[in-house]
Structure formats: C-alpha cells, structure tokens
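Sequences are here, hints too, so could you generate the full structure?
Everything in the sequence shown is counted per the working numbering, starting at 701 for the first residue and increasing by one.
Just so you know, these hints were derived from the structure itself, not from any lab. A portion of the hints provided could be inaccurate.
To be verified - Quick list of in silico lysine-lysine cross-link-like pairs, PhoX-like style, CA-CA up to 25 Å:
no. : residue 1 : residue 2
1   : K968      : K946
2   : K888      : K795
3   : K968      : K932
4   : K932      : K946
5   : K863      : K853
Claimed, not checked - Distance ranges between label pairs, derived from CB positions:
no. : residue 1 : residue 2 : range
6   : S825      : A905      : 38 to 46 Å
7   : N774      : K824      : 20 to 28 Å
8   : P823      : F895      : 45 to 53 Å
9   : D887      : T765      : 43 to 51 Å
10  : K986      : N847      : 25 to 33 Å
Quantities reported herein were computed from a predicted structural model and do not represent experimental measurements. All residues carry an ideal CB built from backbone N, CA and C; glycine is no exception.
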Amino acid sequence: MDQEHVSHLEKRHYALAAMALAVILALAGCSASRSNDRAASGNGPAATEQADSNGTHVVTDAYGTDVEIPNTVNSIVVPFPAATQTVLGLGGADKLTGGFILPTDMNKAMFGDYMDKIIQMTPKSVNAEAVLSCNPDFMIYLSSRENIDDDIKATNVPTLCYKANTLEDMKNDTTMIGEALGGDAIDKAKQYSEFCDKLSNDVSAMTRDIPDADKPVVYVSVRSDCVTTHGKDTLVDSWIGISGGKNAATEIGIESMDQTTTTEQIQKVDPDIVICTTREAYDTFKSDSQY
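What follows is the structure in structure tokens.
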C-alpha cells in the first residue's frame with residue numbers, strides 16, 4: 701500500500717514501534733562520538749596508551765574546554781544519571797565511586813548491583829564534601845563551567861562538563877567519557893556511536909513521511925509521581941521527534957528536564973501514548989480515572 705494511503709491508526713503504530721526502538725537510546729543513558737579526528741590527531745588516551753601511567757592526557761568536554769585527565773583512573777564522580785550509566789556501559793563500574801542511578805524498574809534490573817556500592821549524589825545534592833570523600837581523579841558535571849557551584853570548583857577536581865539535550869550531544873558525551881576512561885572504553889564509545897547513528901536513521905526512515913496532523917502526542921512520565929517530565933530541548937524531546945511523535949510536555953509549554961506539570965495539563969493535552977519509567981506511574985495511569 702502506498703504511504704499516502706496508510707491509515708491514521710497504522711501511522712500511529714509505526715510511530716509507536718519506532719519509539720520503542722528510540723527509547724533504548726534515550727533511557728539507557730549512554731552517549732557517543734565526537735568523530736575520530738581527535739584520536740587521529742593524537743589528542744586523547746588513544747595516543748597515550750603507551751605513555752607513563754602517572755602522566756595525563758587531554759580530553760575536550762561538551763563545551764569545548766580542554767581538561768587534563770590522569771592516564772590511570774581509579775575513582776570517578778558523576779552526579780547525573782545518564783552520565784553515570786554511560787560510565788557503567790563503557791566498563792567503568794570499578795572506577796565509579798559517586799554517582800546517581802535513578803531508581804526506575806529498568807535501572808534496577810540493569811544496574812541494581814551498583815546502587816548500594818556508590819555514594820548516591822544528585823545534581824541538586826552534590827557538594828564539595830561528598831565529592832572529596834570519593835577522592836576522584838575526575839568528575840563529570842551536567843552544566844557549563846560558568847554554572848558549576850563555587851564550592852565544587854574549589855575542590856580543583858578535573859571536571860568534564862556534559863551536555864544532554866540531543867542525540868548528537870549523547871553521542872559526543874559518550875566519546876568524551878570513553879576518552880577519559882581510556883582503554884577499551886574508547887572502542888566501546890565508537891561502537892555505540894555507530895549503533896546510535898544506524899538506529900536513528902532506521903527510525904527516521906520509518907517516520908519521516910508521517911503528516912504532522914497524524915503524529916501521536918507522547919507524554920513521558922519520568923518519576924513515580926506521574927507529573928514530572930522532560931520538555932523542550934531535552935533528549936526525550938529529541939527522540940520523540942525522531943520517532944515521529946510530538947512531546948506532550950513541549951506542546952503545553954514545558955522546557956528543560958525534570959519539570960513538574962499537573963494532572964489537568966496532562967488531561968488537556970490528551971496524549972495518545974504514555975511512556976512511564978517506573979512501575980508505580982504505570983499502575984497509576986492504568987488505574988486512575990483522572991488519566
């Protein structure tokens with residue numbers, strides 16, 4: 701059947717199938733490649749694998765700042781969930797001493813073994829005392845350098861700034877973290893980048909011809925309270941768009957991550973699809989007549 705004659709319902713099924721693929725990227729929390737030019741130019745641990753283990757190498761962060769990272773890394777602090785999971789995914793579990801793993805059902809299944817082994821710290825709760833207690837070789841921070849708290853800056857811990865607004869950010873961040881970790885993590889980051897590109901292209905091919913009027917409105921509940929979500933200019937917003945949908949949070953004017961909406965706003969936008977990251981939220985959406 702010609703694409704122009706595909707039914708409204710079928711188009712939504714395509715978008716839902718594509719979204720199921722894209723969510724693997726977005727909610728797994730990994731990220732990837734800033735191109736191979738840096739490794740080729742001798743910048744990063746690929747060029748220093750044979751160097752003195754007591755030396756350092758330079759890694760460029762998401763905002764273009766060059767940061768000196770020890771060649772031997774024993775401790776990392778990552779007070780942000782996506783970057784924490786990226787460190788785990790690239791094989792850095794034995795180096796992660798402080799981080800933040802969201803207590804979602806998916807994360808418990810994937811990363812539950814690590815939840816009790818690290819000092820849990822969130823972007824809002826992280827402080828100099830907690831950072832220094834981990835004696836980290838470097839830290840990954842979700843912010844531009846200008847917005848890092850003064851007490852965190854005063855620790856003088858080498859800090860890589862992380863940006864997580866788009867799929868391209870996600871890939872670049874994974875390459876950055878792979879370069880900081882060194883060794884096999886560099887190749888794993890490259891493989892992830894290639895996988896991410898292929899999956900993104902495959903999903904886009906499935907959804908690019910869906911008319912705007914037929915795109916499903918998607919609400920993503922990121923906490924058990926049902927009303928916390930991610931809005932415009934976030935990774936969730938990006939993957940919903942690639943998947944052929946419209947982000948309900950963006951439709952009602954929400955911007956940035958971890959913003960609170962209301963039950964009334966959710967009712968008003970009347971989403972076609974609801975995606976929950978916790979069993980508690982899922983059960984509420986299934987059973988509560990308000991939704």
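Evaluated hints:
For the hint pairing K968 with K946, the CA-to-CA distance comes to about 15 Å; that is within 25 Å, so the pair holds. Between the alpha carbons of K888 and K795 the distance comes to roughly 16 Å, so the proposed pair stays at or under 25 Å and holds. A hinted pair counts as satisfied when its Cα atoms are at most 25 Å apart, and K968 with K932 qualifies at roughly 18 Å. A C-alpha spacing of about 10 Å is found between K932 and K946, which places the hinted pair at or below 25 Å, so the restraint holds.
Restraint check for K863 and K853: the C-alpha separation of about 18 Å stays at or below 25 Å, so the hint holds. Range check, S825 to A905: Cβ separation about 42 Å, and the 38 to 46 Å hint holds. Between N774 and K824 the CB atoms are about 27 Å apart, so this pair conforms to the stated range of 20 to 28 Å. Between P823 and F895 the CB atoms are about 27 Å apart, so this pair departs from the stated range of 45 to 53 Å.
Between D887 and T765 the CB atoms are about 25 Å apart, so this pair departs from the stated range of 43 to 51 Å. Taking the beta carbon of each, K986 and N847 are about 39 Å apart, not inside 25 to 33 Å as hinted.
Hints 8, 9 and 10 from the earlier list are contradicted by this structure; the remaining hints agree with it.
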